[in-house]
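**Student:** Chain by chain, the residues run as shown.
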Amino acid sequence: MLAFNRKYSSDESDESFINQYRLSGNLEVLGNLYSRYMHLVYGVCLKYLKNRDDAKDAVMQIFEKLIMEMRQHEIRHFKSWLYVLTKNYCLMQLRSQKATDRRINNYKIDHVTSVESIMELHPIDKEDAEKDLPLKECLEKLNDEQKICIRLFYFENKCYREIAESLKLDEKKVKSHLQNGKRNLKICLEKRNETE
Amino acid sequence: MKRNKKHTNKDLENFLDYSGGQMTGKERNIFEKDLQKDPFESDASEGLSTLSRKEASQDMNDLSSRLSARTGHSSRFIFYRAAAAVAAILVVGTIIILLTSDLNQVFERVAVTENNKPDSEVPAMNIPSASKDKTVTSSELKDAVLIAESAEENKKQTVGVIDEMIETKEDTHIVADYMRSENIEENKAMPVITAKKSETSDAGEVITRKYIDNYVRGVVISSEDQLPLPGATVKIRGTTAGTYTDQNGNFELPVQPGSEITLVAEYIGMEQNQVSLDTADEVQITLDPSETDLDEVVVIGYGVQKKSNISGVISTIEMDDNTDYLLPSPVIGNRKFKEYIKENLQYPSYDTIDDRNVVVLNFIIAENGRPKNITVLKSSGKSFSEEAIRLLVSGPDWYPAKRDGEIIEEETMIRIVFKKSYE
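If you read the protein sequences in the order shown, they are chains A and B.
Taking this note's numbering, the leading residue of the first sequence gets 1, the next gets one more, and so forth.
Taking this note's numbering, the leading residue of the second sequence gets 1, the next gets one more, and so forth.
No wet-lab data here; the hints were simulated from the structure.
Every residue gets a Cβ at the ideal spot worked out from N, C-alpha and C, and that includes glycine.
Incorrect hints may have been included.
Which stretches of chain A does chain B cover? Using the computed rule of at least three CB atoms under 8 Å from a CB of chain B, they are [what the hints assert, rightly or not]:
| id | segment |
| --- | --- |
| 1 | 23-35 |
| 2 | 40-46 |
| 3 | 52-60 |
| 4 | 72-86 |
| 5 | 157-164 |
| 6 | 172-181 |
Here chain A stands alone, though its shape is the one from the complex (with noise of 0.2 Å):
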């Protein structure tokens, strides 16, 4: 089993997972695409619900929600979407808990509908980064902090602790500048194409 298995996760895509999970409906199959990301999706739930207890109920349940949104929907991108099933699994856990005042929900809840967002790669991640002169000139303009911290991480490839320790800032800030940095980046970009 094992030697087949190593043949199975490294070379199987998750589309012919898929694929033979429709055709079978056998469940082996789906937990074994499944168990390739279920540490990602323990630790997502870890993440939200701040218990290991909780964290593995989540994963189970999400495996059966997982079945059952198999049957209904396309998936193109399994991973993604996972991603999104889990997390929003994670904010439901959360809202009902909080939620002591029960109102009647008098909106629907719709169906997972941002898989390509979370898809789409930001320019400074893609390769050759630094040779991308748009790029390079948004990034002047970006404020002193978030500048100095993607120069740091993205073109002299210095890790957040590295970054945090030569800045005298907190790792979580520096998290904070980059995804900020990029934001800006990304709309100054956008921006740029509007004009040409």
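Using the hints, position chain B against chain A.
**Tutor:** Leaving out everything else, chain B in the frame of chain A:
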């Protein structure tokens, strides 16, 4: 059953090596760059970092067996025939796993070019020209009419007034609203100045212009949507002079001519930003959302949008400076209204995976104290606007706006920021 353990464990190993500090700086950077590309792995990494190596492998083993129990052990598939033959080795499965070498390649890196994100194409809400509505205090305004006599004197007084307001700041929102009510009076009174100006001599006009030149004007906007932020604080660094932005995000501050100043803009839930400028000019300050404080609803900003402002027509109603004017406001008070929103908000989580979502509603408070003509100026999604509208419609009564003791139907605006709380 330890199916697929190899792959799962090895990737898990990577995460654990990272959080356990067993990577060099360079390796950490490579790992972090991968996380930057993949929000799934990034979130997972945050969660997994809370576990020790031992806890993590216990939990994954536990989960694997629970999953196997759920999916059944049947080996109906062709693939499994070979597997059946080595089933006996399963006991030592974990060891063999370590021998298998190719570990990566399992995750398909997602590289996508096709999609246009609709969210990012929200048309910028007609950011109004800063000069139209003046953010000056009303007392300053009284003086403004007298400007021809002493511009210098006047300036000092203005700064004094603003100082006082900053010092009495207890609750940003309340003060912000108060400030805004001043702004409104000012808005109405502005035409008076204009009218006066046309009647006065040339000399008077010059002084007036000079006075206005000593202002720095600008707009504070949010970087995530390029929309103006009403009620943001703008201060001149190193001084106590400051103001709040109006409903269109505009502000105006008196400055010493020729002096070099740094403006500091702040807004709840946003990172502070500073802009230095040597000449008093129009300036745009962009604030980034803050990643650090997560709370379910953090920000409610009120603003009043005058009809005259919406249509871009400058009102020419003649009015006394001491007109008794009251803004629409929640009967229970701003603070309690904020609490109401906080307590009753049901987070619509299914529409988006963003951590921060903003809805801006524009509405009229009718004579009966209820909101009507609600329009969505901005929203992160249908379920967010619906929730915001629900809260407003089923929420407490408002005092309608009053002018000279008479009730008038006035437009107002509310900005609700939905933030996820992980606590």
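**Student:** Counting residues of the segment 23-35 of chain A that have a beta-carbon nearer than 8 Å to any beta-carbon of chain B, does the count reach 3?
**Tutor:** holds (count 10)
**Student:** Taking 8 Å as the Cβ threshold, is the statement that the segment 40-46 of chain A is covered by chain B upheld or broken by the three-residue rule?
**Tutor:** Held - the segment 40-46 of chain A has 7 residues with a Cβ nearer than 8 Å to chain B, which meets the minimum of three.
**Student:** Do at least three Cβ atoms from the segment 52-60 of chain A come closer than 8 Å to Cβ atoms of chain B?
**Tutor:** holds (count 5)
**Student:** Three residues or more, CB to CB closer than 8 Å: is that satisfied between the segment 72-86 of chain A and chain B?
**Tutor:** holds (count 7)
**Student:** Verify the coverage statement for the segment 172-181 of chain A against chain B, using a C-beta to C-beta distance below 8 Å and requiring 3 or more qualifying residues.
**Tutor:** Holds, because 7 residues of the segment 172-181 of chain A bring their Cβ atoms closer than 8 Å to Cβ atoms of chain B.
**Student:** Count the residues of the segment 157-164 of chain A whose Cβ falls closer than 8 Å to any Cβ of chain B, and tell me whether that reaches three.
**Tutor:** holds (count 6)
Against the hints set out earlier in the document, no violation occurs for any number.
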